[in-house]
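Engineer: Since each chain sits alone in its own frame, please combine them into the complex, following the hints.
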Amino acid sequence: MVSILEKIQRDIYPYLPLTITHLLQQVDKAVMRSIIEIRLRANRSLQLVLPNCNYAVQENGKLNSDFQQGYICSEADVMHTIQAMSKNSFYALEQELRMGYITLEGGHRVGIAGQAILNDGNLKAIKNISSMNIRISREMKNCAVPIMPYLIDHDTRIFSTLIIAPPRCGKTTLLRDIVRSLGSKKINFRGVQVGVVDERSEITACKNGIPTLDIGDCVDVLDGCPKSTGILMLIRSMAPDVIITDELGRKEDVVALSEALHAGVSVITSVHGDSIESIKYRPYVRLLIEEKYFDRYLVLTDQPQIGTVKEIISVKDEAVLFLR
Amino acid sequence: MLLKLVGSIFVIFAGSYLGFSIAKRYIKRPNNLRQVLSCIVSLKSYMNYTVMPLSDSLMNCAMGANREVTNFFITTANLLKNNYLLLPQEAIQKSLILHRNKLSLTKEDCEVLLLFGCHLGEMNREEQQKYLTMIQKRLEILEGEATALRDKNSKMYRYLGVCGSLMIVLLLF
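Protein sequence lines, in the order shown, are assigned to chains R and H.
Our numbering puts the first residue of the first sequence at 1, with every later residue one more than the last.
Our numbering puts the first residue of the second sequence at 1, with every later residue one more than the last.
What the hints contain is simulated information worked out from the structure, not anything from laboratory work.
Just so we're clear, the structure is a prediction, and the values are computed from it rather than from any experiment.
Ideal Cβ placement from N, Cα and C applies to all residues, glycine included.
Listed below are the simulated DSS-like cross-link pairs for lysine-lysine, each with C-alpha atoms no more than 25 Å apart in a straight line:
(1) H/Lys130 - H/Lys44
(2) H/Lys44 - R/Lys207
(3) H/Lys152 - H/Lys102
(4) H/Lys28 - H/Lys152
(5) H/Lys102 - H/Lys155
(6) H/Lys107 - H/Lys137
(7) H/Lys81 - H/Lys102
(8) R/Lys316 - R/Lys292
(9) R/Lys207 - H/Lys81
(10) H/Lys28 - H/Lys94
(11) H/Lys130 - R/Lys124
(12) R/Lys292 - R/Lys310
(13) R/Lys251 - R/Lys292
(14) R/Lys127 - H/Lys130
(15) H/Lys81 - R/Lys7
(16) R/Lys29 - R/Lys7
(17) H/Lys44 - R/Lys127
(18) R/Lys62 - R/Lys29
(19) H/Lys102 - H/Lys24
(20) H/Lys102 - H/Lys28
(21) H/Lys44 - R/Lys124
Derived, one-sided and incomplete: chain H residues facing chain R with beta-carbon distance under 8 Å:
(22) Pro53
(23) Ser55
(24) Leu80
(25) Leu120
(26) Met123
In isolation and in its complexed conformation, chain H is listed as follows (with noise of 0.2 Å):
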């Protein structure tokens, strides 16, 4: 019996965990995909107003912005940094492939960073700041659709987990 209880209780904790975990995900997309879009907002006047050299301007603008994205910022600025011929496309896929995990992105999110990437530092001025807008609003919508996933799977989930947990518990009693 004593066997029982602590076999459902362990199954209670780990099905709420799973529940909550996956929950957080959905909450923490919105969040960093709000914290990209201002630092990119930040990197376009660090572009356009200080003319800093690319590197400089992703180490900048990622001030402020949460460990995570701050993280894969700075990662993609010192691989840029440390070998002046690597492509900033390829300095964002190898942080990407460092940072992914803490940053709960999406495959499609991280398709717009790749993209964003695919022609940073290649155009004057003018047209690397209508490219990044475009980038921006690609970044917005997705963050538009994030936060409605939140809103419909965060609570859900957490449910799921624990209501989940405590069917299995009553199947297995």
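With the rest of the complex left out, here is chain R (with noise of 0.2 Å):
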């Protein structure tokens, strides 16, 4: 398996202007392996966002809590940096750049802020990038082993189960490893037909269509689909036994995934959100959450560390299923 460090060497550092790429090569290597994020801020300090803290990076490479100490980004940097990572395609990107993000080879997402451009009330680009959030892309084999069980209803069927977690608590990471667990025989189940409708390209990291990350064998990926779209063809055309798909929110996924679920496939997806309670105010998901069409909430927190389970509840039965 390819560790985290290569992984940044390899997907991220050609991308980055050399400047930055030496200084992030300077700092100490368990850090690095630690790290959640790398910001990038045109005329603000290059940061580091770790586990519990974030911090600038110097001009020697070292870290330091006090941001006005860091090797401060150029607007050069910042339009360095984006030019890279659109490999000189804005055009093919367009998508993408209208919903604030691109995702580069090995499922890392890169956030952007900068001047919206309007065309009659509706984004139609964004001018000027001033900043970048390089969330990096991890692979967690067998995280999601233990709850599995949770997941699968006597060998036969798979529970649709909603993830509910804040931003940066795993589930992206969760799901990949659901996806490449349903996709193969690894876990005593007989294993089904998994269709992932990967929006961002971020489950499955496609390139050129062909996932790069390990997620098993019996997985059909519709990537850079939008969810309420892709569902709808991935049931059409290739007969998925459960559809996986991230970050529920709109209301055309809430309309296809009521779709889904009334046609007996079974939909594992993601919600933001602290808890049940905080998910029903929001506008659409909470039309599911009353109709009930899951059968299963997971909830994830980053305490003690990210990616732990802080609940499971069946929905039908009313019951806590797992409570940390």
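Structural biologist: See below:
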């Protein structure tokens, strides 16, 4: 398995300006192994986000909690990075840039912020990109194994499950391992046909439509496709037993999801929130909770560490199956 | 006498070769510009329909073109693929330096090619199409001019090469 340092070196350094790459190469390797995000902001310090704290990177590669002491990223640093990450192909990332992110090979998501260009009140593009947040994608093999018994119904079907967690709690990493576990027969389970709608190319890290991560043998991936369209396409064309997708939120996602659930296909997906109560306030997701579309709710937390399962609830029985 | 004869033959061959090679450049230029134009039309499709990254689009659009033009596009694509921090214009410039002698293009043609690289990949699909259409039109104008020059000059240089060298021989005798 490729180590996280190798992944950063292979997937991220080629896009960063040489000065920044040189600084990051001087940072302590143990720190680099645990970083969650690299943040670049024009005329502000280069920052590393670690599980419990943020640091600025100084010109000598040392970390400092005082952001004023860090290496100041120039506008050119940010501009060159985004230009390199887009591979000089902004036209190919039109949709992603409009949604505020691009995904690098290896599944690392890069969030962007800058000046919005509006057309008839709708966001047309983002120009003058001034901030970038490079989120390091991690492949934690077997991290879903302990929860799999809660997701499988007598070795026959998969429970439709909603994973609830705030950002940076390991939703995508867990979903990726669930895909791998369901798509292979390694967990003493017969294995099912899995369909993945990977709107942001994060779960399977596809390159030219082909997954670059180990995701099991029975998995079909619809890469870069909006969830609302992709879920229905997969049902019609690939006959999956379970559909897995990430970050539910829009009205059309909820409509497509209810279509899938009514078509007898299980769905495992995630949503931002810190508890079931909190997501009840979200306008569209609330409907799914009220109508009890899911069989299981799985709540994640980052305490004591990222990816910790806080609670597993059986919706039909209204019972807590696991509580930390 | 034999030396004079051999010298005359050499002068005729050299003069004719010079004339023919200048004429060849006039013949090749519109052909090369036409090939570049067809690559740009193809590039527009790769950008708009298959939405491939620039380096892959450049690589694919050159398929079927003649060797010189294909090499120019493939070198540009490889430069971009191997160094993400390189700008398209810089890649085109480097590629032109490598292939300019084989491409039979004038300074003006190269300027349009550099302009072609100037905003390549920086815009959304719609704007990129408009930009490439503008480049296409400029290349079409240059191609028209190159065709007119070819018709006017290619025969002239061939004759000039042969006749000029014959005249030198006559003068020498």
